[in-house]
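Residue-level listing of the chains:
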Amino acid sequence: MKPVERDPESLLPLTPAVFHILLALADNERHGYGIMQEISRRTDGKLRMGPGTLYGSIKRMLADGLIEKSGERPDPALDDERRHYYRLTDFGQRVVRAEAQRLAQLVNVARAKQLLPGPELAGGVS
Amino acid sequence: MIAPSSHNRSSSERVYRLFLYIYPARFRRAYGHQMAQTFRDCCRMARQQAGTKGLLDLWVHTLYDLVVTASTEQISAGLSLLKQFFGLEKEYTMSNYGLNLDVALRTDIGRKRQLNEDAMISTVPQDPQVMQKKGALFVVADGMGGHTKGDRASEMAVNTVRQVYYQDTSDDLAASLQHAIQHANQVIYQDNAANFQQAEELVKHGMGTTCVAAVLQADKVYVANAGDSLAYVIRSGQVKQIAQNHSWVAEQVRTGAMTEEEAKAQGKNNMITRCLGIHADLDVYVTSEQVQDGDVLVLCTDGLHTLISEDELRTIVEQYGPQESVQQLVERANENGGPDNITAVVVRVSLEDTV
Numbered sequence: 012m013k014p015v016e017r018d019p020e021s022l023l024p025l026t027p028a029v030f031h032i033l034l035a036l037a038d039n040e041r042h043g044y045g046i047m048q049e050i051s052r053r054t055d056g057k058l059r060m061g062p063g064t065l066y067g068s069i070k071r072m073l074a075d076g077l078i079e080k081s082g083e084r085p086d087p088a089l090d091d092e093r094r095h096y097y098r099l100t101d102f103g104q105r106v107v108r109a110e111a112q113r114l115a116q117l118v119n120v121a122r123a124k125q126l127l128p129g130p131e132l133a134g135g136v137s
Numbered sequence: 017m018i019a020p021s022s023h024n025r026s027s028s029e030r031v032y033r034l035f036l037y038i039y040p041a042r043f044r045r046a047y048g049h050q051m052a053q054t055f056r057d058c059c060r061m062a063r064q065q066a067g068t069k070g071l072l073d074l075w076v077h078t079l080y081d082l083v084v085t086a087s088t089e090q091i092s093a094g095l096s097l098l099k100q101f102f103g104l105e106k107e108y109t110m111s112n113y114g115l116n117l118d119v120a121l122r123t124d125i126g127r128k129r130q131l132n133e134d135a136m137i138s139t140v141p142q143d144p145q146v147m148q149k150k151g152a153l154f155v156v157a158d159g160m161g162g163h164t165k166g167d168r169a170s171e172m173a174v175n176t177v178r179q180v181y182y183q184d185t186s187d188d189l190a191a192s193l194q195h196a197i198q199h200a201n202q203v204i205y206q207d208n209a210a211n212f213q214q215a216e217e218l219v220k221h222g223m224g225t226t227c228v229a230a231v232l233q234a235d236k237v238y239v240a241n242a243g244d245s246l247a248y249v250i251r252s253g254q255v256k257q258i259a260q261n262h263s264w265v266a267e268q269v270r271t272g273a274m275t276e277e278e279a280k281a282q283g284k285n286n287m288i289t290r291c292l293g294i295h296a297d298l299d300v301y302v303t304s305e306q307v308q309d310g311d312v313l314v315l316c317t318d319g320l321h322t323l324i325s326e327d328e329l330r331t332i333v334e335q336y337g338p339q340e341s342v343q344q345l346v347e348r349a350n351e352n353g354g355p356d357n358i359t360a361v362v363v364r365v366s367l368e369d370t371v
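Here the protein sequences line up with chains F and S, keeping their order.
Just so we're aligned: 128 in the working numbering is position 117 of the first sequence, and the numbers increase by one with no gaps anywhere.
Just so we're aligned: 103 in the working numbering is position 87 of the second sequence, and the numbers increase by one with no gaps anywhere.
Next up, chain S with everything else stripped away, as it sits in the complex (with noise of 0.2 Å):
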């Protein structure tokens, strides 16, 4: 792992993030990030004109600013909410929120490889009836198999993916994703045995793949996957991993058979216990997690995480709109080594509030 590098969010602003919680979360949600931003200008400034006396009476001005503004915008949500329990006001429906998304990917051979095996796609609907019911989707896929067409199975994984996901008419996005990735597996499965007769040759010698998909629709992800690549969202300078890691390093930790240390000493460190065309059955992990204004959703291969920092990570983006932070995700990683394909998928979200 890497050493973070340097913060440049100040303490003040993290301070004033919190204190953004005493906010109705449909206000907070909004416009959090927005204040958080305007608030780090003000400090800025203040100190450029005044140093530590010019933020101190910065401070004690927008607390009381904090104070009086929290306290009428939890009135104004208490009587939403009491105009909604008397029918006076409906409740706002999912498509009320609009959903914008600023999308970058970028997929790099690395310094090592002589091939790329990593896949990826991004779609999102034009048509707002797609959009607005089985929303966007993002799919990052790492093939594996070397000689034997690691290329085309990350290939097959997100294509399938995206087609039987849009085909699926279900209202239930998680197990339609679910069963997108499964899909998937069945179909490299079925090429694997049409060109293995024996199980232990096709275990061998088959191409298989790692598969993490994201899908946002109105307020919300959707994310599942099989293998190590992962997916982050990124709030409020906190990284949260939102996929689950079927490395076998993390799996030994999961289960709390080994500690981290005690596991990557094993000597198994890129091992996958998941992942899609080798069997014909496969158990997809798959979760679900509320979106808010100006949350980041990064989606990535294990060339790019086990490679920087999640401190790195959140820096990276937080400072950059996506189209800098792949380029800069890809580069980070090259520099320490670039040891296997990188690809990552980074989205900027912003729900505005149309009520």
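Excised from the complex, chain F in its bound form (with noise of 0.2 Å):
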């Protein structure tokens, strides 16, 4: 596939949306359900992203080869009708921690201003 050949910089900078999906998929497969679930956990519920939001960014990370089906098959957390499971590729895998790099730079650069008190605050309040 060609996508796997290609530099994880060139997608750099990544929307917030499709960054957090890439966050949420990072030690796990999930579902979309899951994947929301994840993110609202992560950002305290102050990031909460609709379906078409979801899967509008699912079908380009799809295309650019960031992220895979799994498979599909019931969620026993929630009922048995059968979800389709998502992953992350190689590719994505390499995105997301570019990305993340890129972001800790910024960081950096914030801290080296003094904009952020101190490294425990890092990332933290929006």
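Check before you lean on any hint, since a few could be wrong.
[What the hints assert, rightly or not] Restricting the straight-line Cα-Cα distance to at most 30 Å, the calculated cross-link-like pairs of lysine-lysine (BS3-like) are:
(1) F:Lys-70 - S:Lys-236
(2) S:Lys-280 - S:Lys-256
(3) F:Lys-80 - S:Lys-149
(4) S:Lys-69 - F:Lys-57
(5) S:Lys-256 - F:Lys-70
(6) F:Lys-80 - S:Lys-236
(7) F:Lys-70 - S:Lys-149
(8) F:Lys-80 - S:Lys-99
(9) F:Lys-70 - S:Lys-99
(10) S:Lys-284 - S:Lys-220
[What the hints assert, rightly or not] Facing chain S, from chain F, some residues (calculated, C-beta under 7 Å):
(11) Arg-59
(12) Gly-61
(13) Pro-62
(14) Thr-64
(15) His-95
Calculated directly from the structure, the hints in this document are not laboratory data.
Where a beta carbon is used, it is the ideal one built from N, C-alpha and C, also for glycine.
Put the two chains together into one complex; each comes in its own frame, and the hints tell you how they fit.
Shown next as structure tokens:
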């Protein structure tokens, strides 16, 4: 597949929706609603993603080779309906890492300019 | 008919499914089902956490999301069309659709019959080339003639249809399917003709069978049938019958000769107007239809569809996967008396948009 050979940097910066979805999938494969829940949990409910934003992003991320479908099965925690699960591809893994690094550098700049009181608050309140 | 059972779909989800029509068709086909599923999960959570207020809040948020993302998708679909027009982008070919099928079949003798005269087959070709060209085939047949080998007729029907369909190299799948059923008619008719010299005897005592066959290929379903075994597509909460019912009652209603009530009062409820094996020529109904991601295709004999309502059928296949569905459907028909053999094939379609 073509996207695998691409330079991860070529996709940066990522839109917030894409970055959050990649982060949500970084440790686990999830279905659509699982991705939403994870994002909501990690942002203390501040970021609410609607189904349109979620699946519009998923469509583009599949096309870009960042994620892939990992199967279809029910989630016992919800009900017995089958759900599509998604996971990161290797390329997606490299892209999310590159984006995290880019943001970390920006945070360092902010810290150097004393915009952030201390390292413990880095990446904290938005 | 049986009263519809409890609805597992909230009005919020129903409304949301309607709103999905503002997205481009291609996007809706690929993700509509998943979006509605996700929205339902959100509704459940919102209601649990904050009741009606939570639900209202969710709707405000979702409507905003809907308007913004639908415009984005419409623009992107429009740009893609423009690019195609100027030759910058190729039309997506059928082969780009990853067709994933989840199939379950079940046949049951019922509670009143001595013999199961129904037959069914499912063929999903392993060879990707065959799959791409001819698709997957599902056939259900309901043999009749009791003591005169109805089970043999239905068995011959499903096997001949499979063999003839895949041997035919034509790209016209509808014609190919129709031809396969006509061929099966010939085979059974020849067998009858060898046993009964008199045409009248053949009509009276010969073996016969109904037949409904469906092919799923790329993003289409082709259905052909003769008799009262039927096919349905269940999509977004709607049940659509896609085979033609050749029962005497349905025929009267179709031609406008009688209302359903009048026709049923004639006492010819189990008469059918077309079947395989009795005449040398057979008129086979054929139709085709676009399929969408999440569609469920159901093939069944009258032992099922005359015993459960369309609402019940929908509720079951939406609630369960194919394996569990066929089991539930057969059980339900048996609970309602099981007067005839019961056969159900349930196929869940996933279309993967690999653009």
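| Is the hinted pair F:Lys-70 and S:Lys-149 satisfied, with a Cα-Cα distance of at most 30 Å? | Roughly 27 Å between the alpha carbons, so the hint for F:Lys-70 and S:Lys-149 holds.
| said: For a C-alpha distance cap of 30 Å, please report whether S:Lys-280 and S:Lys-256 respect it. | reply: The hint holds at about 22 Å.
| request: Would you mind confirming whether the straight-line C-alpha gap from F:Lys-80 to S:Lys-236 stays at or under 30 Å? | output: Since the Cα atoms of F:Lys-80 and S:Lys-236 sit roughly 22 Å apart, the hinted pair holds (cutoff 30 Å).
| field | F:Thr-64 as chain S interface residue, shortest Cβ-Cβ below 7 Å | value | Holds: closest Cβ of chain S sits about 6 Å from F:Thr-64, inside 7 Å.
| message | Using the nearest Cβ pair, does F:His-95 come within less than 7 Å of chain S? | response | 6 Å, holds
| task | Quickly compare the C-alpha distance for F:Lys-70 and S:Lys-99 to 30 Å and report which way the hint goes. | result | 19 Å, holds
| Is the hinted pair S:Lys-284 and S:Lys-220 satisfied, with a Cα-Cα distance of at most 30 Å? | 16 Å, holds
| field | Proposed interface contact between F:Gly-61 and chain S, which counts if any beta carbon pair is under 7 Å | value | Holds: closest Cβ of chain S sits about 3 Å from F:Gly-61, inside 7 Å.
| field | Hinted contact F:Pro-62 with chain S - closest CB pair below 7 Å | value | 4 Å, holds
| Pair hint outcome, F:Lys-80 versus S:Lys-99 [Cα-Cα no greater than 30 Å] | 28 Å, holds
| Keeping to a limit of 30 Å between CA atoms, is the pair of S:Lys-69 and F:Lys-57 held or broken? | 18 Å, holds
| Is the hint on F:Arg-59 kept, meaning its closest Cβ partner in chain S is under 7 Å away? | With Cβ-Cβ at 6 Å, under 7 Å, it holds.
Of the numbered hints listed earlier, not one is contradicted by the structure.
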